[in-house]
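Chains as they are written, first to last, in our numbering: chain Y, 1 to 360; chain H, 1 to 297; chain V, 1 to 288.
Calculated directly from the structure, the hints in this document are not laboratory data. Quantities reported herein were computed from a predicted structural model and do not represent experimental measurements. Do not rely on the hints blindly, as some may be mistaken.
[What the hints assert, rightly or not] Calculated pairs, SDA-like style, for lysine to any residue (alpha carbon to alpha carbon, straight line, at most 20 Å):
#1 119(V) x 25(H)
#2 283(H) x 210(H)
#3 204(H) x 158(Y)
[Said to hold, decoys possible] Sample of chain Y residues with no beta-carbon within 12 Å of chain H, all distances over it, derived:
#4 107
#5 187
#6 287
#7 336
C-beta atoms are modelled at their ideal positions from N, C-alpha and C, and glycine is treated no differently.
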Amino acid sequence: MARIDLVDLAHSYMSNPASRADYALKEMTLSWEDGGAYALLGPSGCGKTTLLNIMSGLLVPSQGRVLFDGRDMTQIITEDRNIAQVFQFPVIYDTMTVRQNLEFPLRNRGVPEAEIKTRVAEIAESLHMTAELDHKARGLTADAKQKISLGRGLVRQDTAAILFDEPLTVIDPHLKWVLRRQLKDLHRRYDFTMVYVTHDQTEALTFADKVVVMYDGEVVQVGTPEELFERPAHTFVGYFIGSPGMNVLPCRVEGSTAHVGGQALDLGRGYAPPAAGAKVELGVRPEFLGLAADGQGCPVTIQAMEDVGRYKIARVTLEGHPMAVVAPESARFDGDRARLSIDPGRINLYVNDHLVEGSL
Amino acid sequence: MEKPLNNKAWFLVLPVFVLVAFSALLPLMTVVNYAFQDTFGNNQFFWAGTDWFEKLLHSDRFGEALIRQVLFSGLILAIEVPLGIAVALCMPRKGLWVPVCLVLMALPLLIPWNVVGTIWQIFGRVDIGLLGHVLYSLGIDYNYTQDPLSAWITVVVMDVWHWTSLVALLCYAGLQSIPDAFYQAARIDGASRWSVFRHIQLPKMDRVLLIAVLLRFMDSFMIYTEPFVVTGGGPGNSTTFLSIDLVKLAIGQFDLGPAAAMSLIYFLIILLMSWVFYTVMTKQDEQDQNRKTGGGE
Amino acid sequence: MSSTSMPETGTPSETTLRTRGRGFPVKALVIVVYLVFLLLPIYWLLTMALKTNQEILSTFNLFPDNPTLANFTVILTDPAWYMGYVNSTIYVVLNTLISVTVALPAAYAFSRYRFMGDKHLFFWLLTNRMAPPAVFALPFFQLYSSIGLFDTSLAVALAHCLFNVPLAVWILEGFMGGVPREIDETAYIDGYSFPRFFTRIFMPLIAPGIGVAAFFCFMFSWVELLLARTLTSVDAKPISATMTRTVSASGLDWGVLAAAGILTIIPGALVIYFVRNYIAKGFALGRV
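Next comes chain Y alone, as it looks inside the complex (with noise of 0.2 Å):
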């Protein structure tokens, strides 16, 4: 197990990247804590997957440094980096038998044969598949072939760290659950480094003590989910997560009010004045608005309600801008007027879609 750092990183598919936009990865900084579980959070190409194999060594980053408990590895092969992977689909040797697949990589390393009957017996007790560890891997389901491919990173004892890709795709819906729950005990149990890469905020969200949000090539947030869900520190991330995602208006900031249209809205903290021409918005979280029939507020004009259960969502404009409200299920309202109140505390603000921190 190790920490692995990630040092002024940047990757680009082309050989002679020009703009910033010919990165796939631009530079960051990162850092993964060991026995960590981290999800790596974001849209189909944002770069999660390059990320991943540049840590894997599948891939040579071109620029910044990859390094294990302070030892550069960024030129190490694969082979020798104690990095293991699980892929999106199953990669599961056909031919061999569920014991053969899990033996394969101590083999490789020419691990005393002893040893690999005693890790491979561990591991097949704790994935639960020491029944079919003789039945041929070709004939499995799709979700034990997923298990005998992490079975193949726990039998090495000195895996640094295990890399998922968006493990789950190809899995029933009602056995993620299962799985995850099973993923979630191994991590437990073994303590390893876990980086698991997906694009479903509640696969994310619920496995990992921190998510890291990539947008187009960048880390745009690194935090627990509280973090996330309460101080976005992107635009993207207040889209991303939750659900419905945060409500972003156009305003403009005068002090520690905002005037959106011609409603003034007060911000709780003072900001200092934005630079001319930069893009000005405010996010608020649909779970922190308040929708009257009348009283305080300002005005909004409901264009539908949406009742999705244990809580309704109010589809409804502000000054021309659509916006939505977590309404509680026995809300009702007579014509389409409405009054929208804000809690001042709940109200982030955003320069060129990021966050900016104002002062009390």
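Keeping the supplied structure of chain Y fixed, place chains H and V upon it in accordance with the hints.
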């Protein structure tokens, strides 16, 4: 998903059935007819029973041609299959060179077979051919028109030249279907080059490889044109394979009875082999199917 | 990939870790050697086609001293030669059309339905791909003579159906299997009749498959000699037969023979060039 039962589908198959029946069943019946009869000309036939078959099976001529044929097909498979796999493994997986390699490799496959013969007939000649001339200059006693060994080497090398690309292209197609993740996983598992071949590449190629072996066996077993052009079956009868012998018998000597009997035996050998291959192939498929439906946890 | 022979044991701190290196490009070398082996005989044919007979027989050189197109001129001006190409082209095209046309509905039936005797029929079709043409040479000769088709392009085209129709069915069935059956059902629900659905919707979907099937039909018909030679004498004589007869007659006109050979390679080369992106796919189905 199970296909629906629909006997009306026969109407769709009918044109093929009629066409193939016309060009396969009718001639085959003629052959069977001849095989059991004898004639003294003027279209009068006598029932000859299994005479022709007995004579043929005891004749040295047929036996020798059969042995030569088996030897030739065996040699061809032993050379072309490993070589084809090796070439496929060395092909670039992607990039500009892929289409170039594919086009150049497919080229021999599209040359008329008699031209293949002509090319090697010229190439191997001691007086005007590059290969023959170079060998001769090196002091090697090579002359495919006089020396049976030289003739054999020429015919085998020619077939390797002609058909190895087919094996290579089939294997290459099989290799292309392996996702990158398999190679990456193998590197992570520390697999050696040999392990990658043995446990990833070979299993993924087994189906195409089976087809390659089947095709090469069948086609080499029926080889006619290329050796006919180069050696004409000689020197002596040293490169007279079954097809060449059969055509000599049927069209050269017009010995209809023996030729027909030989045709039937010849066809039966090939049919038997193709049935074996076909059964092995479909059995493997069925096993996979069963495992998929019955397997799992 | 760096070469690894012996597995290493121990923890990373004890062993030297290997870095990525550029080894000697063995693979590229193998491919280059193989391609040279493939191209050298063809190159030799080409140089001979560009030499005069006198130069061929008197000197031995790798490049023609005075490249000449005289041999090609002979072929392109003598009807006995160039009609061979025309005849070959006619029966090859005819055969490709017939094979693909009849194979399309049959392949559809095999890929979509079960019916009485379907498995046996399929196997029987395939056995014809395995039938030695030599077995059929004589019966074909008699069959086509008796119905007055001897020495016509149609006879050769029909004879080649023996192995090309099963092949086309096999290839097309593979491609059709890749088209989801829901598409058929949707079309029928939308009120398409079978012929309209088949030509308007289904055929465009399997266009690459039709291309591959046509390519292989073309190829096998183009390269076959035995049946083509047996079934023709004068009017429909294919180029390959013209060539073999010239060898036995004059025997020494190497330049013209080589030029004729080069000209037979050109159509094949053109066809490969046009379908180069489909070749791998056709082979991937393993159905040749």
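Here is what the structure says about each hint:
1. 119(V) x 25(H): holds, 18 Å
2. 283(H) x 210(H): holds, 13 Å
3. 204(H) x 158(Y): Violated, at about 31 Å.
4. 107: violated, 9 Å
5. 187: holds, 19 Å
6. 287: Consistent with the label, residue 287(Y) stays out of reach of chain H, its closest Cβ about 39 Å off (over 12 Å).
7. 336: Fine: 50 Å to the nearest Cβ keeps residue 336(Y) off the interface.
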